[in-house]
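**Q** The lines below spell out each chain.
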Amino acid sequence: MEFLVIGIIIAAIAIIGATALFYRARGSRRPVAPPPAAPPVPAKAEDSPAGTGETAVAERAPPAAAAPAPEAPAAEVELEVPEPTAGRLVRLRSRLSRSQGTLGQGLLKLLSRDKLDEATWEEIEDTLIAADLGVGPAGELVERLRTHTRVQGARTVDEARALLREELVALIDPTLDRTLKVAKHPAADGAPERPAVAMVVGVNGTGKTTTTGKLARVLIADGYTVVLGAADTFRAAAADQLQTWGQRVGAYTVRGAEGADPASVAFEAVKEGTGMGVDTVLIDTAGRLHTKAGLMDELGKVKRVAEKQGTVDEVLLVLDATTGQNGLVQARVFAEVVDITGIVLTKLDGTAKGGIVVAVQKELGVPVKLVGLGEGPDDLAPFDPEAFVDALLQ
Amino acid sequence: MFDTLSDRLATTFKNLRGKGRLSPQDIDETLREIRRALLEADVSLEAVRPFIAAVRTRAESAEVSKALNPAQQIIKIVNEELVGILGGETRRLRFAKNPPTVILLAGLQGAGKTTLAGKLAYWLRSEGHTPVLVAADLQRPNAVTQLQVVGDRAGVPVFAPEPGNGVGNPVKVAQDSIEFAKAKMHDVVIVDTAGRLGIDAELMRQAADIRDAVRPDEVLFVVDAMIGQDAVTTAQAFMDGVGFDGVVLTKLDGDARGGAALSVRQVTGKPVMFASSGEKLEEFDVFHPERMASRILDMGDMMTLIEQAEKAFDQAEAEKMAGKLARNEFTLDDFLNQMEQLKKLGSMTKLLGMLPGVSGIKDQLKEIDDKDVNRIAAIIKSMTPGEREDVKIINGSRRQRIARGSGTSVPEVNNLIERFLEAKKMMSQMAKGGMPGMPGLPGAGGLGGTKRKSAKAKAADKASKSKGRSRSGNPAKAKAEEAARQARKDGNGPFGEDGGQFELPDEFKNLLPPQ
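Quick note, the sequences are listed as chains U and C, same order. Residues -9 to 384 (our numbering) are what the first sequence spells out, left to right. Residues 1199 to 1713 (our numbering) are what the second sequence spells out, left to right.
Please note: incorrect hints may appear among the correct ones.
[To be verified] The list that follows gives simulated cross-link-like pairs (lysine to aspartate or glutamate, EDC-like), each with its CA atoms no further than 20 Å apart:
(1) K1569/C - E326/U
(2) K1623/C - D1532/C
(3) K1295/C - D1385/C
(4) K1542/C - E288/U
(5) K293/U - D329/U
(6) K282/U - D303/U
(7) K1478/C - E248/U
(8) K1478/C - D1350/C
(9) K1541/C - E288/U
(10) K352/U - E365/U
(11) K1590/C - E1616/C
(12) K105/U - E149/U
(13) K1569/C - E288/U
(14) K1623/C - E1527/C
(15) K282/U - E1480/C
(16) K298/U - D179/U
(17) K282/U - E1477/C
(18) K352/U - D368/U
(19) K1478/C - E288/U
(20) K1478/C - D287/U
(21) K1274/C - E1488/C
(22) K1518/C - E1538/C
(23) K282/U - E1481/C
(24) K1623/C - D1588/C
(25) K1542/C - D287/U
(26) K1542/C - D1531/C
(27) K1522/C - E1585/C
(28) K282/U - E1538/C
(29) K1569/C - D287/U
(30) K1541/C - E1477/C
(31) K1478/C - D251/U
(32) K291/U - D251/U
(33) K1541/C - D287/U
[Unchecked claim] Residues from chain C shown here face chain U by an in silico Cβ test under 8 Å; the list is partial:
(34) R1234
(35) L1237
(36) L1243
(37) T1255
(38) Q1307
(39) Q1344
(40) V1348
Calculated from the structure, these hints are not laboratory results. By construction, the Cβ of each residue, glycine as well, lies at the ideal position given by its N, Cα and C atoms.
Work out the full structure, taking the sequences as your base and the hints as a guide.
**A** See below:
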């Protein structure tokens, strides 16, 4: 009996596949959806966070009347004042080089050998592969390094360092726009002013909730006001976790019941945010594997529903630095469903190098905007390619 | 970019065909491809090197050069080596002679320890034990709450004397939990610890302290199947820091190839004991090395497909369906029904990708999206009940009406009907016993996937495409049926059939369950 079931299933899949392919073959009648157009260049890109004219009101108490869910009295919690973001990466550099130093050091040592023979190049390639760069990109980088050393004849450590730095920076592409669009949209064309909306997405266990909490701190430190939306209604206690983060810095958290429709929570959060006149609404979503079609649809819905009251300005994909080659597949699928605008690379304080973001950035053109470097509440820093590479080569 | 190993080797071996003997260069090239494929499956370099060396030794030996089809032989070696390493000694949980048995979970942040704790507790409970969960993760905000919720769902008590969020001493909690378990007669204690990094000396020290406090019978290292090259470093760090007896691979329901399993096994020598694949409590299983091997090699994953299908399909429903098939009463309504069920399994592309032998049309597969499934449903739903009962009554004008009703075109309706009839015939044959070939996927050559057939099918497909008409599945089908007859004759099933460029892993051969 069992194998009959199997047979039926396979047959059904085969029929569907064949029929679907048939449509595709005929194709022309139905225009294939155009590839996601290049991310529209924001007409009014935010240059300075201070330009919003809003004073820092981090200690704002949540309006009790508007609370859709009972909330612990926030007033009793002592509010922490997070440190500003400027120079964070510099402070965190030591932490980065603790783990990452070996990569840069190893490469430098190899490059400044007297004789760069085949075996050395292979070693260099292996080092890059071990950083999860992927076989393809690692090979390309080695090829370029090879050409350069041959042409320029770099021999000393300093020369090798300069060369490597140049190549690594080029690999991370410093020209990409890495600013977060989190400033309030001014009133325009009769529409009232409304907050910027940022969504945090990713697979399970990459640190979305933690990132959302830390990001709220970053924003508050920079003088924005923030409302959090706990649209992770699936995982046990995820909303509590986010609320704890919010309470520490006095950000109000909108939450629904466990198992509630996450889209409704997102909608509610944007509505609350607009009502309270904050700068930014941060929506934390439940972790979902990109292979679960139903959950990905749900994510699409969360975004669509949140967009009913304006635009979702940032969709941040949280990638764990330990993630291997599967990260690219994840990014691809998430990009398709919610059109991600930036990447947050977390857990970089470990031994993992997070090389997969290079491939992701290259293929999808989505820049790394933030890096997470530890469990401390202020261990999230804006990503600065040059500083990052310098830390690598320190 | 992410070609599968089978695709790649197929290309490599194309040049070898007819040689019947591998030169050292051929072996080198093949091994390079295998190395690349393993690296892309996130197997760590440290694990790849000895593995490739082992394969090379065997590949250069007589067993390959004398083999009839050397290329196939190499794949077989790779598969065997993989299963050998992954499988090795498999073992079950050790239970203490004097209860309680203590199980300690350790791993990186976000590996899935808390979820796994719940699953483990649920599984143990269903095995007749009385586990208790211990909340020793006092680091992450609300980890304790999460464990309590998980415990509730699993119907297992949670020992959580400390509120967490940075308050309390996990070592003490762990220690007290043993007394608690003894007092309350729990025979298994599952200690959920905070996630920690391998290089965080302080936290590793704490983990070791917890270990010393509870003297666990099993320390399980929880690792995410998506982890990359860092798997080795992390595993080594945990090995040195706390030591572990077994590995649990989580998030296997994603499409990561899970090379980490091989890395961890190779570097630490500890077996992978459990595989966790999903967010529900019951999605937890012992580890199957063969499946993992073919997953790492990306050979298609029939077993997973079948397993998922079995979960999604109602047994009674299936039996009813089988009865209908045997009486040749399978209708479009039933088909629609099946399709709805299949949708639960995930995206169509993914399902199709799991079928072996479709690698040749990967690019085409990418084109399919799940809307196509809806279109098929739309066509069927535009038919009258009578038409669904008996498709033969659908004549020209009915076809036109159906096409209009579903927003498709007459050829599309024709195509569906044709495919349905083919499949129905095939399935009723199947119901009577035996396992004939599949109706040809255009260009794929269906399941029995021989090279010859697939080439022909492709040609037929091309021809039909150029004419812009629905292609008859006949050339492929005829071949498939012939293959099936042949297979029945020598009692082998079409899946193990040779003639492709490489051999399918054993599990396909064993697809026909013992009668």
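**Q** None of the hints should be skipped; say for each whether it holds.
**A** Now the hints, each set against the structure:
Taking the CA atoms of K1569/C and E326/U, the gap is about 15 Å. The hint holds against a cut of 20 Å. A threshold of 20 Å between alpha carbons decides the hint, and for K1623/C with D1532/C the separation of about 15 Å falls inside it, so the pair holds. The suggested pairing of K1295/C with D1385/C holds, with an alpha-carbon distance near 10 Å, which does not exceed 20 Å. At roughly 14 Å between alpha-carbon atoms, K1542/C and E288/U fall within 20 Å of each other, so this suggested pair holds.
Distance restraint check for K293/U and D329/U: the Cα-Cα separation of roughly 10 Å lies within the 20 Å cut-off, and the hinted pair is therefore satisfied. For the given pair, K282/U sits about 25 Å from D303/U by alpha-carbon distance, which is inconsistent with the 20 Å threshold. With a C-alpha separation of about 15 Å, the suggested pair K1478/C and E248/U falls inside the 20 Å cut-off, and the hint holds. At roughly 13 Å between alpha-carbon atoms, K1478/C and D1350/C fall within 20 Å of each other, so this suggested pair holds.
Note on K1541/C and E288/U: the hinted pairing holds, with a Cα-Cα distance of about 15 Å set against a maximum of 20 Å. For the proposed pair K352/U and E365/U, the alpha carbon gap of about 29 Å is over 20 Å, so the pair is violated. About 10 Å separates the Cα atoms of K1590/C and E1616/C, which keeps this hinted pair within 20 Å; it holds. Distance hint between K105/U and E149/U is fulfilled; the C-alpha atoms sit about 15 Å from each other, no more than 20 Å.
At most 20 Å may separate the alpha-carbon atoms for a hinted pair to count; K1569/C and E288/U meet this at roughly 16 Å. A threshold of 20 Å between alpha carbons decides the hint, and for K1623/C with E1527/C the separation of about 11 Å falls inside it, so the pair holds. The hinted pair formed by K282/U and E1480/C meets the criterion: a straight-line CA distance of about 17 Å does not exceed 20 Å. This hinted pair checks out: K298/U and D179/U have alpha carbons roughly 17 Å apart, not beyond 20 Å.
For the hint linking K282/U to E1477/C, the alpha-carbon distance of about 11 Å falls within 20 Å, and the restraint holds. Taking the CA atoms of K352/U and D368/U, the gap is about 29 Å. The hint is violated against a cut of 20 Å. For a cut-off of 20 Å, the pair hint linking K1478/C to E288/U stands: about 17 Å separates their Cα positions. Of the supplied pair hints, the one linking K1478/C and D287/U holds, its CA atoms being roughly 19 Å apart against a limit of 20 Å.
Only pairs whose Cα atoms come within 20 Å are accepted, and K1274/C paired with E1488/C is accepted, the gap being roughly 12 Å. A C-alpha spacing of about 16 Å is found between K1518/C and E1538/C, which places the hinted pair at or below 20 Å, so the restraint holds. For the hint linking K282/U to E1481/C, the alpha-carbon distance of about 14 Å falls within 20 Å, and the restraint holds. For the suggested pair K1623/C and D1588/C, the alpha carbons sit about 14 Å apart, so the restraint of at most 20 Å is met.
Restraint check: the Cα-Cα separation between K1542/C and D287/U comes to about 13 Å, which is no more than 20 Å; the hinted pair holds. Distance check on the hinted pair: K1542/C and D1531/C sit about 18 Å apart at the alpha-carbon level, within 20 Å; holds. Distance check on the hinted pair: K1522/C and E1585/C sit about 17 Å apart at the alpha-carbon level, within 20 Å; holds. Proposed proximity of K282/U and E1538/C is supported: the alpha carbons are some 16 Å apart, at most 20 Å.
Between K1569/C and D287/U the CA atoms are separated by roughly 12 Å; this keeps the pair inside 20 Å, and the hint holds. Between K1541/C and E1477/C the CA atoms are separated by roughly 18 Å; this keeps the pair inside 20 Å, and the hint holds. The straight-line distance between the Cα atoms of K1478/C and D251/U is roughly 18 Å, inside the 20 Å bound, and the hint therefore holds. As the CA atoms of K291/U and D251/U are separated by approximately 10 Å, the hinted pair is consistent with the 20 Å bound.
Only pairs whose Cα atoms come within 20 Å are accepted, and K1541/C paired with D287/U is accepted, the gap being roughly 13 Å. The beta carbon of R1234/C comes within 5 Å of a beta carbon in chain U, closer than 8 Å, and the hint placing it at the interface holds. Here the hint on L1237/C is kept, as its CB sits about 5 Å from the closest CB of chain U, short of 8 Å. Interface hint at L1243/C: satisfied, since its Cβ lies 5 Å from the closest Cβ of chain U, which is below the 8 Å cut-off.
Annotation: T1255/C was flagged as interfacial toward chain U, and the flag is violated, the nearest CB pair being 21 Å apart, outside 8 Å. For the restraint placing Q1307/C at the interface with chain U, the shortest Cβ-Cβ distance is roughly 7 Å, inside the 8 Å limit, so the hint holds. The closest approach between the C-beta of Q1344/C and any C-beta of chain U is roughly 4 Å, which is under the 8 Å cut-off, so the hint is satisfied. A distance limit of 8 Å between C-beta atoms decides the matter here; for V1348/C the minimum to chain U is near 6 Å, and the interface restraint holds.
Against the hints set out earlier in the document, violations occur for numbers 6, 10, 18, 37.
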